[in-house]
Amino acid sequence: MVALSRRTALASAAGLSLPRLAIAQADQRPTITVAVQEITTSNMLEMLAEQSNVGTRIFRNFVEPLVDTDWVGDMSLKPGLATGWSRISDSVVEFRLRQGVRFHNGDPFTAEEVAFSFSADRMWGNGPLGKNPPAGAAQIARRSFPGFERMEVVDSHTVRLVNRTPDLTLEGQMARTASVIANRRAFAGAATWQDWARRPVGTGPYKVTEFNPDRILVLDAFDEHWAGRPPIRRLRFVEIPEVASRVNALLSGEVDFACDIPPDQIATIERNPRFEVAGGVINNTRIIVFDKTHAVLGNPLVRRALTHSIDRQAIIDALWGGRVSVPRGLSWDFYADMHVAENEVPRFDLAEARRLLREAGYRGEPIPYRCLNNYYTNQTATAQILVEGWRAAGLNVQLQMLENWSQITARSPTRAIRDWSQTASLPDPVAQMVPNWGRNGATWNNGEWRNEEFVDLGDTLQTSVDRAARRAAWARMLRIVEHEDPGYTALHRNGNFTAKRRDIRWRAAQSFVMDFRGENWGA
Amino acid sequence: MLRFLAFRLARAALTIAMVVTFAFIVLRMSGDPAQIIMGADAPPEAVDAFRTAWGLDRPLWEQYFHYFGAILSGDLGRSMRDGRDAIVLVAERIPATLALTIPALLIKVGIGVPAGIYAALHRNSLADRIVMVIAVAGFTVPSFVLGLILVLVFAVQLGWLPSGGQESWRHAILPIITLGVGGAAVLARFTRSAMLEVLGQPFIRTASAKGVPWRMVVTNHALPNAAIPTVTIIGFMVGSLIAGAVVVESVFSWPGVGRLLVVAVSNRDLAVVQCILLLVACTMVVANLVVDLLYGLLDPRLRSAPRQATA
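Going line by line, the protein sequences match chains A and B.
Here the first sequence stands for residues 55 to 577, where the numbers follow our numbering.
Here the second sequence stands for residues 506 to 816, where the numbers follow our numbering.
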């Protein structure tokens with residue numbers, strides 16, 4: 055017979071109760087519900103296929119890149135799944151990988167997983183596993199990593215990114231949404247690339263539990279995360295497309311966060327003391343684009359007149375309640391030494407606009423302005439203010455409301471002005487400018503705007519490793535595209551507003567990213 | 506009867522073929538799916554690759570015949586957004602939509618028809634006026650306005666019911682009421698008008714003069730004769746069961762066929778839109794066919810002259 059002393063009995067009882075206590079503690083973490091306009095545009099959770107603003111919102115919670123971004127802070131790069139990196143040459147960077155990281159399926163994170171993430175199977179197509187990414191995903195990868203040659207495995211926790219050409223932005227490329235690390239075994243086990251993309255396995259603080267496209271994404275805490283237990287037990291993103299319905303869901307207590315709140319709703323929400331609206335300026339700039347091939351806009355003087363007859367501050371005050379700001383063109387503070395602080399948007403000067411129009415010999419010919427109905431926040435109202443400003447300067451701009459992007463960008467003699475926005479995804483202008491405005495960039499290919507000097511400077515920005523030369527090239531590029539031969543004009547920094555329960559201590563990022571890690575919860 | 510059925514089936518097939526063709530042409534003329542799905546910032550080579558992968562770079566007539574041939578073989582295509590079969594995507598949403606539209610139809614019929622009969626039988630009374638005021642309000646207030654009002658009252662102010670989503674039976678209450686109220690109002694108006702017209706007919710006076718009890722006059726003579734316009738409206742409502750809740754599903758974030766249609770149209774997800782339209786066309790055609798057959802049951806005169814009755 056086993057002798058059971060009082061001390062042993064108490065110890066046994068304590069031992070039995072401890073795991074239950076731990077479970078009880080785990081259960082005390084909240085379930086948080088976030089109402090979003092849309093969960094993803096592609097019905098997939100793989101960032102190679104989901105390059106949208108709405109996809110950007112969710113990804114950081116379940117997958118991670120080697121190089122992270124301080125989204126809530128100053129947007130600088132910081133260690134992610136790599137603890138450090140060093141330049142081997144102008145075209146090679148070595149990354150030291152974090153130890154003790156596990157994927158959601160329990161697999162250890164190693165250099166092999168990094169190499170797989172940049173392999174033909176997952177990224178480029180025609181890999182040995184025969185799971186090809188959907189149309190477009192491989193092209194997005196090529197654009198995200200334009201000179202990528204290979205990812206070399208040095209040892210179990212060291213990899214080298216080898217580029218075909220010198221590139222100062224390789225570290226930044228590893229912070230892109232497309233460069234998140236994927237689990238090789240889970241990918242191999244999925245029937246198709248798309249099946250994998252609907253249930254990706256990453257290393258993030260939350261794991262995908264349920265994904266019902268157009269309805270709900272459920273993420274559960276991944277307690278083995280390298281940064282410790284996440285603060286939320288279950289994170290639910292529910293799709294509520296209508297703004298009014300999102301606000302109602304928040305006010306009735308069914309959701310804890312409501313995203314994409316228009317500025318004119320902020321005061322209404324904050325009248326209720328239980329709620330507040332977080333957010334502000336993000337890394338996105340609203341611009342309008344000019345088509346140089348249009349009969350009237352071919353003359354740069356007319357385009358310059360358009361840029362001078364915009365009262366940007368009036369738009370910000372009237373439509374954004376002063377919560378966003380007039381930018382320094384497309385140059386950003388977080389570009390650090392590449393920031394061209396002396397660059398300014400063309401000043402609001404109707405007299406100068408009229409002078410330019412007289413010089414151009416403009417006689418009131420119609421200029422079409424293609425516009426979507428509030429794809430961007432306040433888009434239609436902004437367009438109406440712009441048209442009135444242009445009318446005051448003597449410009450006959452005619453607003454055309456269209457339904458989709460295909461109609462907006464379709465080539466025809468009536469394509470002249472359209473809306474767009476630009477996101478600064480890396481702390482260097484090359485990522486924003488060259489793919490959109492450079493040689494073979496978006497506006498080059500669709501024939502809206504080309505400038506030979508500009509694209510040559512863009513090549514310098516892309517390939518030079520001389521920082522002074524790169525900065526000079528960038529400053530000159532801004533001068534050309536924003537002032538001398540305008541391809542666009544910046545209107546304002548974009549804003550992103552999230553309504554939430556006031557008792558939740560959480561900070562909005564300077565982007566569409568929503569960060570639910572421990573460092574941004576209860577802080 | 507066989508000739509009648511054959512004629513109706515041939516006309517139904519032609520209607521469906523026309524819907525399919527119309528949807529195919531309109532969808533392709535109103536925007537490039539590749540540009541819309543890939544987004545404004547997608548690299549041109551990605552957009553081109555998308556077009557090639559989905560056959561959008563081929564001539565329109567070739568795409569049309571390929572699509573039509575595929576439909577005849579039962580292949581309704583795949584979603585351009587995530588590669589899944591369109592019919593699977595649509596079939597997944599049908600139960601959610603029917604969970605709203607069938608109870609709503611029961612409310613429409615269960616409230617609208619009796620209310621219309623009652624109002625007609627008590628013409629110009631206070632009850633008649635109240636029923637008609639409610640009916641006019643019911644069908645003039647747009648469903649999205651009614652939905653938001655119900656949410657403000659019952660979800661935001663009172664906190665009794667959820668404002669949206671599809672997590673429990675309680676989530677279905679407000680959208681069902683929103684859908685049901687408008688349809689009940691329409692049915693009440695139609696039923697009242699039909700009943701009033703029939704009640705003024707000589708055969709009703711004759712039946713009354715012969716001493717037939719009023720209850721029997723109403724049930725045996727007035728109701729069957731007034732049923733044809735009401736059955737027509739109900740048939741239309743049955744035909745709308747699959748895609749008749751587009752606005753309400755959007756307001757209440759209800760993941761049914763209507764929401765899928767809105768998303769698919771805005772993304773020009775061609776196969777999904779075409780699949781839904783085909784389904785709606787088939788449902789509507791079948792509902793109309795059933796209504797035509799019911800006409801014959803309700804009015805024996807129509808059985809002997811089917812061609813005229815359907816003209």
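Heads up, a few of these hints could be off.
Pairs of lysine to aspartate or glutamate, DMTMM-like flavour, derived with a Cα cap of 20 Å [said to hold, decoys possible]:
no., chain 1, residue 1, chain 2, residue 2
1, A, Lys185, B, Glu597
2, A, Lys132, A, Glu148
3, A, Lys346, A, Glu507
4, A, Lys346, A, Glu330
5, A, Lys132, A, Glu573
6, A, Lys185, B, Asp797
Calculated from the model, a selection of chain A residues having no Cβ within reach of chain B, i.e. all distances over 10 Å [as the list claims (entries may be wrong)]:
no., residue
7, Thr85
8, Ser140
9, Pro162
10, Arg252
11, Ile294
12, Val380
13, Asn499
One side of the interface only, derived from the structure: several residues of chain A facing chain B at Cβ under 7 Å [as the list claims (entries may be wrong)]:
no., residue
14, Gln193
15, Asn302
16, Leu305
17, His537
18, Glu538
What the hints contain is simulated information worked out from the structure, not anything from laboratory work.
Glycine included, each C-beta is placed from N, C-alpha and C at the ideal position.
Hint check results:
Of the supplied pair hints, the one linking Lys185/A and Glu597/B is violated, its CA atoms being roughly 26 Å apart against a limit of 20 Å. Only pairs whose Cα atoms come within 20 Å are accepted, and Lys132/A paired with Glu148/A is accepted, the gap being roughly 15 Å. With a CA separation close to 15 Å, the supplied pair Lys346/A and Glu507/A stays within the 20 Å bound. With a C-alpha separation of about 44 Å, the suggested pair Lys346/A and Glu330/A falls outside the 20 Å cut-off, and the hint is violated.
Annotation: proposed proximity of Lys132/A to Glu573/A holds, straight-line Cα distance about 14 Å (limit 20 Å). Of the pairs offered as hints, the one joining Lys185/A and Asp797/B is violated, with about 52 Å between alpha carbons and a cut-off of 20 Å exceeded. At the 10 Å boundary, the C-beta of Thr85/A stays outside the reach of chain B, the nearest C-beta of that chain being 12 Å off. Every Cβ of chain B is farther than 10 Å from the Cβ of Ser140/A; the closest lies at roughly 31 Å, confirming the non-interface assignment.
Chain B leaves Pro162/A outside its interface by the beta-carbon criterion, the shortest separation being 30 Å against a cut-off of 10 Å. With a cut of 10 Å on Cβ distances, Arg252/A falls inside the contact zone with chain B, its closest approach being about 7 Å. Annotated as non-interface, Ile294/A brings its C-beta within 10 Å of a C-beta of chain B; the closest such distance is 4 Å. The beta carbon of Val380/A is kept farther than 10 Å from every beta carbon of chain B, the shortest such distance being approximately 23 Å.
Residue placement check: Asn499/A does not keep its beta carbon more than 10 Å from all beta carbons of chain B (closest about 4 Å). The beta carbon of Gln193/A is positioned within 7 Å of a beta carbon in chain B (closest approach about 3 Å), and the interface hint is therefore held. For Asn302/A, the interface hint holds, since its Cβ comes within 7 Å of a Cβ in chain B; the closest pair sits about 4 Å apart. Annotation: Leu305/A was flagged as interfacial toward chain B, and the flag holds, the nearest CB pair being 5 Å apart, inside 7 Å.
Hint status for His537/A: violated, given a least beta-carbon distance of 24 Å to chain B, over 7 Å. Because the beta carbon of Glu538/A sits about 25 Å from the nearest beta carbon in chain B, more than 7 Å, this interface hint is broken.
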